[in-house]
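Visitor: Next come the chains, spelled out residue by residue.
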Amino acid sequence: MHPAKSVIAFTTLSGLGFGLLIWLGLGAPAVTGRSAFAFFTIAYLLATGGLIASAFHLGHPERGLKAFTQWRTSWLSREGWAALLALGVMAAYGAGLVFLDTRWALLGWLGAGLSLGTVVTTAMIYTQLKSVPRWHMALTPALFLCLSLAGGALLAGQTRWAVPLLILAGGLQIAHWRRGDGALARSGTTLATATGLTGGSLRAFEPPHTGPNYLLREMVHVVGRRHATKLRVIALALMSVVPVVLLLAPFSHALAALAVLSHLTGVLTARWLFFAEAEHVVGFYYGAR
Amino acid sequence: MTELPDTTKRKLGLVIDLDTCVGCHACVISCKGWNTENYGAPLSDQSPYGADPSGTFLNRVHSYEVQPKEGAAQLIHFPKSCLHCEDAPCVTVCPTGASYKRVEDGIVLVNESDCIGCGLCAWACPYGAREMDAAAGVMKKCTLCVDRIYNDTLPEEDRVPACVRSCPAGARHFGDLGDPDSAVSKLVVERGGIDLMPEQGTKPVNKYLPPRPKDRITETAPRLTPVAQDIGGFLGWLDRTLERLPGGDS
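So the protein lines, in turn, are chains A and B.
Take the first sequence: its letter number 153 is residue 153 in our numbering, and every next letter is one higher.
Take the second sequence: its letter number 88 is residue 88 in our numbering, and every next letter is one higher.
Simulated from the structure, these hints should not be mistaken for lab results.
Where a beta carbon is used, it is the ideal one built from N, C-alpha and C, also for glycine.
A portion of the hints provided could be inaccurate.
To be verified - The calculated lysine-lysine pairs, modelled on DSBU-like cross-linking and capped at a C-alpha distance of 35 Å, are:
no. : chain 1 : residue 1 : chain 2 : residue 2
1   : B       : K203      : A       : K66
2   : B       : K214      : A       : K230
3   : A       : K66       : A       : K130
4   : B       : K69       : B       : K186
5   : B       : K203      : A       : K130
6   : A       : K66       : B       : K9
7   : B       : K214      : B       : K69
Claimed, not checked - Ranges between beta-carbon positions, derived for each pair:
no. : chain 1 : residue 1 : chain 2 : residue 2 : range
8   : B       : S44       : A       : A95       : 45 to 51 Å
9   : A       : T159      : B       : S44       : 52 to 58 Å
10  : B       : K9        : A       : A95       : 52 to 58 Å
11  : A       : G182      : B       : P180      : 36 to 42 Å
12  : A       : R186      : B       : D6        : 29 to 35 Å
13  : A       : K5        : B       : T36       : 28 to 34 Å
To be verified - Coverage of chain A stretches by chain B, computed from C-beta distances (three or more under 8 Å per stretch; other residues unrestricted):
no. : stretch
14  : 126-134
15  : 186-200
Chain A with its partners taken away, still in its complex shape (with noise of 0.2 Å):
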């Protein structure tokens, strides 16, 4: 697939926001007033930055509150209520802790419970998918909540959550690398499948135009995927390597921010993959993967 900068931003800047707003609901750190104020100006524009570059994408950004009316289907759509209503919730709650200096538990957990939401149902977006069998998987949703809960952990300075945390999301990175390997191959999808043809072996003479198209510039790009190991092993020390060991040394708030530096060129290295290595089962056609 291909990896669009705006869908890795969104992805990667609303995923941390959102997993910084979930630890703020639950009061961890329980903080008022003016360092409330800080942590949640970070996270909303993490949150909002993300979803603002998603609008990028759009050929028609101007029509986007049509999004909201297809709840009952569009995982999409799902996730734009639960980003409003996670933003909404929290922006009241966050109202209690910056300007009353008192803390509405019970709205904490409502809104960190949607956050929680709002990062399930951006997963869902890609791990519904059939046709691209790399993300239809229940790892898919685990690794984005997963890296979520660490980054929000990590921002939050719940060292002693984002340790273990970081570990996981690493751990279940390499389970959505392997298994994502062979999702092609077990998907059962094949060029004889796709075209029904038998009676000897098959190859994609020639395709339907000379020139490229819409479909192999969205759905068949080969051209990152070259560098794809040296990729994992950067992505994965960057994402969870390294901010572990910075964690695990004696506290600094230079050590800390680099951590956070680190874990997110990390993601974002992983969420290039995520969609640069995706195969669409319509490579088929074309011969390509």
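With chain A held as given, fit chain B onto it using these hints.
Guide: Showing chain B alone in chain A's frame:
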């Protein structure tokens, strides 16, 4: 509404005969022509006369080679457009309700004025039947020429999809696949029509008729015995004269 109907009154669709398709791409051109000049945003081209031409098409013809264990390879031309699936994954993923499947005839359509151009439906389709138009920013797909098949202003023989009307080989058939007595349904039964990617669970309405086995000459007829034994006239004289000359192979 992106909720799929439980059943549709009719299942209009195409039956494509891979045995007779000659790969002329007339269906591609007539589809592009009709759907550019009529319903919805035109099917745009980007740099059509430049070095890297590209454009939106609702119907494309691939070609595949089947190499049997013995004998010559066979080339099969393979037209592909929207299959108007009963369980259309492209419809349910749509966040705005722009994509829908009609209850009355099962045609899958896009309401372009509701489309935000997110592209998720094109990702959800395993067949690559949907293409985002780069100029209009909305999703384009086969409408089964909904503006032809019900169009009373057209002569009756033209009230079929443009691709069917233009096919010079008779490789494309249009009809109600929900009616077991329709000509297309009978054709599918007779020729063993198949679904593409059945494992994807989309239940496509369009069917493909597989290529039939090619004839093979296994025995040759015995040679004919010469009818004329005695040749008269000028040719007879020539034959006898040449026979007498030395150096012949008789």
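Visitor: Provide an ascending list of the numbers of those earlier hints which the structure does not satisfy.
Guide: 2
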